[in-house]
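**Student:** Sequence:
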Amino acid sequence: MIPWASPLAQYRAHESAIKAAVARVLDSGVYILGNEVESFEREFADYCATGHAIGVASGTDALILGLRALDIGPGDEVITVSHTAVATAAAVLATGATPVLVDVDPNFYTIDPSRIEEALNPRTKAIIAVHLYGQAADLDALAAIAKRRGLRLIEDCAQAAGARYGNRPVGGIGDIACFSFYPTKNLGAIGDGGMVITADAALASRVRRLRQYGWDETREIEAPGLNSRLDPLQAAILHAKLPQLDADNERRAAIAKAYEQGLAGLPLAMPAARRHTQHAYHLYVIACDDRDALAKHLGADQIGCAVHYPVPVHLQKGYAERAIVPKHGLPVTARLAGRILSLPIYPELSAENVERVITSLRRYYKAAK
7 MIPWASPLAQ YRAHESAIKA AVARVLDSGV YILGNEVESF EREFADYCAT GHAIGVASGT
67 DALILGLRAL DIGPGDEVIT VSHTAVATAA AVLATGATPV LVDVDPNFYT IDPSRIEEAL
127 NPRTKAIIAV HLYGQAADLD ALAAIAKRRG LRLIEDCAQA AGARYGNRPV GGIGDIACFS
187 FYPTKNLGAI GDGGMVITAD AALASRVRRL RQYGWDETRE IEAPGLNSRL DPLQAAILHA
247 KLPQLDADNE RRAAIAKAYE QGLAGLPLAM PAARRHTQHA YHLYVIACDD RDALAKHLGA
307 DQIGCAVHYP VPVHLQKGYA ERAIVPKHGL PVTARLAGRI LSLPIYPELS AENVERVITS
367 LRRYYKAAK
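In my numbering, the protein residues as written are 7 to 375.
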């Protein structure tokens, strides 16, 4: 079986470095925060070309703490998308704020800047731009709207470690950016982990306090916080893998190119890369009218696939009642949910198995004629 993602293959590719990193932490006797976390925070901030990085327990916590550091809470509204992992909206709700969900661009599947103005009101405090599947959102347009309207811009980079917007790594354009190190991510831990990055020293200091109960350096609490610390074992593992992130993303891009060439001419919409961006290809998502039948065919051929995401956030029980959606609905999001399919893509996927996926898809459409 070819899985659609393989954290195990990623571990085996970095096994010796990971084992050495884990042994170093175990031998250090420091099992909460400490030098391993601080060292990885510095390296990750440098990688993202920003001033500050704060390690936290998960990508969801990164969003929650980022929002709270920006003083977003009850009575506030945050504009984002329904076509995303539910964690984006869950984080907004966790602060007491209300997610306002707008549609995505039909070509790149990221937040459509032209839909933001109609969602604004005096309660709007921020925009969360989700860099979906590894494709950067239209940050120039979003930053212009945020500046004009006095809003905060948050980058949800959970799926975009290593992606670039123009000549800059994603995460450095917004007021604050949030990363996930979930095991399937481009830079994945062996467990949970997350990071908040920002160029603003005051915001960074506030996130550091909020991730640990609200403590300052003397353990005085200025505002209540959480217990959300990046584990030093995970920090050491991520630090060991970070030097290979660009090479891993290059391999993802090569697989994406092979798919693009091998599937040309089929009735599929393949991922579009926005000009002047570098797609991280966290996922390779095609779209077609016969998604479910195609997924069944691939499964019969022992090829894993997945749907990211089958039910938009605004249709999920528990979120539908709490999110705000335009009266005209989210037609692009609704159409995508029934058409999208994620094909296998990860750095360790062999050329032979990439060809197996292509051959299976071509055989399916040949039989369908």
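If you're looking for bench data, these hints aren't it; they were derived computationally from the structure. Certain hints may be false.
[As the list claims (entries may be wrong)] Listed below are the simulated DSS-like cross-link pairs for lysine-lysine, each with C-alpha atoms no more than 30 Å apart in a straight line:
no. : residue 1 : residue 2
1   : K131      : K333
2   : K333      : K153
3   : K323      : K131
4   : K153      : K131
5   : K302      : K263
6   : K333      : K302
7   : K323      : K333
8   : K372      : K263
9   : K372      : K302
[What the hints assert, rightly or not] Pairwise CB distance ranges, derived in the manner of DEER restraints:
no. : residue 1 : residue 2 : range
10  : I330      : A55       : 29 to 39 Å
11  : E226      : D252      : 35 to 45 Å
12  : S45       : K333      : 36 to 46 Å
Even glycine gets a Cβ: it sits at the ideal position worked out from N, Cα and C.
**Student:** None of the hints should be skipped; say for each whether it holds.
**Tutor:** Checked hints:
1. K131 x K333: Answer holds: K131 to K333 is near 21 Å, not above 30 Å.
2. K333 x K153: holds (26 Å)
3. K323 x K131: holds (25 Å)
4. K153 x K131: Holds - the C-alpha atoms of K131 and K153 are around 12 Å apart, at most 30 Å.
5. K302 x K263: It holds: about 24 Å lies between the C-alpha atoms, which stays within 30 Å.
6. K333 x K302: Distance of about 35 Å is beyond 30 Å: violated.
7. K323 x K333: holds (19 Å)
8. K372 x K263: holds (22 Å)
9. K372 x K302: Satisfied, since the Cα-Cα distance of roughly 16 Å is no more than 30 Å.
10. I330 x A55: 29 to 39 Å: Between I330 and A55, where Cβ atoms are some 35 Å apart, the hint holds.
11. E226 x D252: 35 to 45 Å: Given about 41 Å between the Cβ atoms, the range holds.
12. S45 x K333: 36 to 46 Å: Between S45 and K333, where Cβ atoms are some 51 Å apart, the hint is violated.
Hints 6 and 12 from the earlier list are contradicted by this structure; the remaining hints agree with it.
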